[in-house]
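Novice: Here is how the chains run, residue by residue.
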Amino acid sequence: MKFTLRVHRQLGPEAPGSLVQYSVDDISPDTSFLEMMDILNEQLTAKGEDPIAFDSDCREGICGMCSMVINGQAHGPLPESATCQVYMRHFQDGDVITIEPFRAAAFPLVRDLIVDRSAFDRIMQAGGFISVHSGPKPDPNSVPIEPDTVELALDAASCIGCGACVAACPNASAMLYTAAKVSHLGLLPQGQPERYERVRNMVGQMEEEGFGACRNYGECEAQCPKGISIGFIGRMNRDYLRASLLDPVDRQGKMVPQ
Amino acid sequence: MLLDAKIPEAPIEHMWDTHREHLRLVGPRNRPHYRIIVVGSGLAGAAAASSLGAMGYRVDCFCFQDSARRAHSIAAQGGINAAKDYRNDGDSVYRLFYDTQKGGDYRSREANVWRLAELSENIIDQAVAQGVPFAREYGGMLANRSFGGVLVERTFYSRGETGQQLLLGANSALAEQIKAGQVEMHTRTELLDIVVVDGRARGIVVRDLVTGEVRSHAADAVVLATGGYSNVYYLSTNARGCNVTATWRAYKRGARFANPCYTQIHPTCIPASGEHQSKLTLMSESLRNDGRIWVPRKSGDTRAPGEIPEKDRYYYLEERYPRFGNLVPRDVASRNAKDVCDQELGVGPTGRGVYLDFRDAIVEHGRDVIAGRYENLFEIYERITGQSPWTTPMQIYPAPHYTMGGLWVDYNLMTTVQGLYAIGEANFSDHGANRLGASSLMQCLADGYFILPITIGDYLSRHPYGDVDSKHPAFGEAERGVKDRIERLLAIGGTRTVESLHRELGRVVWDRCGMSRNMEGLGEALKIIPQLRDEFWSNLRINGTGEHLNQSLEHAGRLADFLELAELMCLDALTREESCGGHFREEHKTEEGEALRDDLDFAHVSVWDFQGSDEAPSLYEEPLTFHALPLAQRNYKV
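Chains as they are written, first to last, in this note's numbering: chain H, 1 to 258; chain V, 1 to 638.
These aren't lab readings, by the way, just hints derived from the structure by calculation.
Be aware that one or more of the hints could be misleading.
[As the list claims (entries may be wrong)] Capping the alpha-carbon separation at 30 Å, the derived lysine-lysine pairs in DSSO-like fashion look like this:
id, chain 1, residue 1, chain 2, residue 2
1, V, K84, V, K102
2, V, K6, V, K252
3, V, K252, V, K179
4, V, K179, H, K137
5, V, K483, V, K471
6, V, K84, H, K137
7, V, K589, V, K102
8, V, K589, V, K298
9, V, K483, V, K252
10, V, K471, V, K179
11, H, K137, V, K6
12, V, K483, H, K47
[Said to hold, decoys possible] Quick list of simulated restraints, FRET-style, between CB atoms:
id, chain 1, residue 1, chain 2, residue 2, range
13, H, P138, V, L25, 18 to 28 Å
14, H, P189, V, E621, 49 to 59 Å
15, V, T350, H, A222, 34 to 44 Å
16, V, K471, H, R215, 50 to 60 Å
17, H, P138, V, M519, 48 to 58 Å
[As the list claims (entries may be wrong)] So, partial list: chain V residues that the calculated Cβ filter (under 7 Å) puts toward chain H:
id, residue
18, I74
19, Q126
20, Q130
21, S146
22, I454
Just so you know, even glycine gets a beta-carbon here, dropped at the ideal spot from N, CA and C.
Go ahead and model the full structure; you've got the sequences and the hints to work with.
Specialist: Set out below in structure tokens:
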């Protein structure tokens, strides 16, 4: 197969960026999209040009590192797939393919197709955990959990943190990501003690990072490689509302090592 | 120097407790004075960094990915073992120990394996407390499934993404400690050297992968949780970035490398489809619970699998191993797949594939039950191959997956360099010559949550804190070494790309030091690898500079280390004149073609000591003892 590629090239966050055109041919339909990029990079290297920088690691759709907007869609045309799970058989021979990074004010560009998604990590650090230290714990069967509850929590926990929801949203909102994280823990009995504090902190951090507001476009769900439902956003909003109506509990602080 | 594994004097079932009770501790008020470096943020690294941070130590954690959550532990699919005996099917700590010892073909250290089995229960408790959503039964109790090489159901799982869920648990604990200021996370930062001062590991030299800056970090102890080296084969199930650099740098700084030839070839992966292939995808071994493995009985049978009647199907594992059937351990399953393909019974375009068929399981259990167990695995398969396992049997073939070899560690998980620890896949101790399914997650978390945080205190308490900082000349020297190497790589100016050289290395190692090995092939490899290394250092081409993000440069640095490790692997494989677990020497097999161990001469760990770039490494042996479980030939047939 033969393709014309228009790839976003940019040396760094301050440098100007532009779409550069390349062509590749003799591509087998069983080549993955990223392998096609590898082939292009081999050609560029041989010609003495800098290869295109892009993120990828596991190449099986679970690490969430790969991040390309392909023909305007985060992770490309295949529903519920990460970029690394897209194959060239999903395109037509001779297609012109435009490849851009995940764009958002909160995801500063690093180089070419690589962006900095550390804002997601900071949202997690703001409260995406159950405060529990390593050591002996009660037997987990002492608290039975309905399988449906676990499955719903797992639906949310399946988020791979890739940022496609942000790239897909016209407002670059991170509501789906944050909602998935909030819901995973908020649904489980273990997550109840910090449920409202968690949602308040994580939403607060999300806003601080400069993500946009949710306007119910639904693009996040449509382009999420794990098909995470925007139903979780509603769930998070209910928790957030409740959390903001509750007076913050003035406790004496958590135990910290001296 | 003698290898002292520091195995406690106590009956095996009390060993860990006795040991713990006698370890020196660092008091809570002193812990904030000690700085610990943890390299790697996978299950072992995140578990260790978060546990140490929660105890009050100051921790610096490093990963080369853009986020700690992306470490390759995330890709583990099937599950995690624990001797909970929730199924009342006769499981116990002893039995998990037994299965691991036997699965490892009696090449692991008994004391470590027992401790692992013992701690397995705590791991499940810990993970559930963190909010890991393990599968539950209708009554709300935790569900279990069985896994290869065992006769009980002790594997806990979260759909087909147990690794991701456990890693998110560890990662959330890490996030908590980052927020608390106990752990400082350094992402997109790669370790390029380890600094040893007066025999003690005192820090690391790293490169910021975004700015290219080379800098030093000093600490009171260094923990490597940097995973395995399957990517020496180029094509493996590991993530693209997985590399041996950290452990290899440690080896060159005096940490001895144990059993490098012990590599695991996973039996259920999607076969390669062509030259462009950049990695292989694993299909969880749990599929073997319900899938039946077969090939056509006659070579050259081109009928579609559905049209091949029962009598023409060769269910070779069920026929050869009636008791375990499709659930034989990984190495046995892999070798048998190779065997039937060598007999030209293999299927698919390359003839290197066997069927994994769910037809009977769907009839027996119904589509819903099978969907509940494997739906997302079926999806992954269909996405990659374009074929649906609901209607056509999967095609599978073995692929490099895990490396049991790694840095030698004592019972405290310390390497032969004082204050340098290795945990998770990076060390060698618990899986012998072959790892059982669902045991890697277990080992990473046992090391990270429960063992290292205790044992490291014993070392730290014997030394003053913060007495060396990065102004020490040893750091400057190491930094210069790192910068020189980067400049050398960039200055070669040849014609070959890193990718093409890595591919070539991979083929050499896969053909000659892969699923089966022989003296002749290993001898050849030992000639080819140095030539390839010369080719690399004389004809490599990297564009761009070292002062910005340069992925070819990153890859080149990793390949340079793989090119050295490959030689040690082959040397180790050549020296080990027996077959055991994942190490199958064709010269050493039974009449039936099974692996034949030589317990008289090889019941030891082979430990290699670096002697200099132009010198052959020295070989030391740690003898293995078998008190709790006497030696027996591994046999999955009866």
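Novice: Against this structure, judge whether each hint is valid.
Specialist: Evaluated hints:
| no. | hint | verdict |
| --- | --- | --- |
| 1 | V:K84 <-> V:K102 | holds (20 Å) |
| 2 | V:K6 <-> V:K252 | holds (23 Å) |
| 3 | V:K252 <-> V:K179 | violated (36 Å) |
| 4 | V:K179 <-> H:K137 | holds (23 Å) |
| 5 | V:K483 <-> V:K471 | holds (17 Å) |
| 6 | V:K84 <-> H:K137 | holds (14 Å) |
| 7 | V:K589 <-> V:K102 | holds (18 Å) |
| 8 | V:K589 <-> V:K298 | holds (26 Å) |
| 9 | V:K483 <-> V:K252 | holds (17 Å) |
| 10 | V:K471 <-> V:K179 | holds (29 Å) |
| 11 | H:K137 <-> V:K6 | holds (29 Å) |
| 12 | V:K483 <-> H:K47 | holds (26 Å) |
| 13 | H:P138 <-> V:L25: 18 to 28 Å | holds (25 Å) |
| 14 | H:P189 <-> V:E621: 49 to 59 Å | holds (51 Å) |
| 15 | V:T350 <-> H:A222: 34 to 44 Å | holds (37 Å) |
| 16 | V:K471 <-> H:R215: 50 to 60 Å | holds (54 Å) |
| 17 | H:P138 <-> V:M519: 48 to 58 Å | holds (55 Å) |
| 18 | I74 | holds (5 Å) |
| 19 | Q126 | holds (6 Å) |
| 20 | Q130 | holds (6 Å) |
| 21 | S146 | violated (19 Å) |
| 22 | I454 | violated (10 Å) |
Violated hints, in rising order: 3, 21, 22; the structure is consistent with all others.
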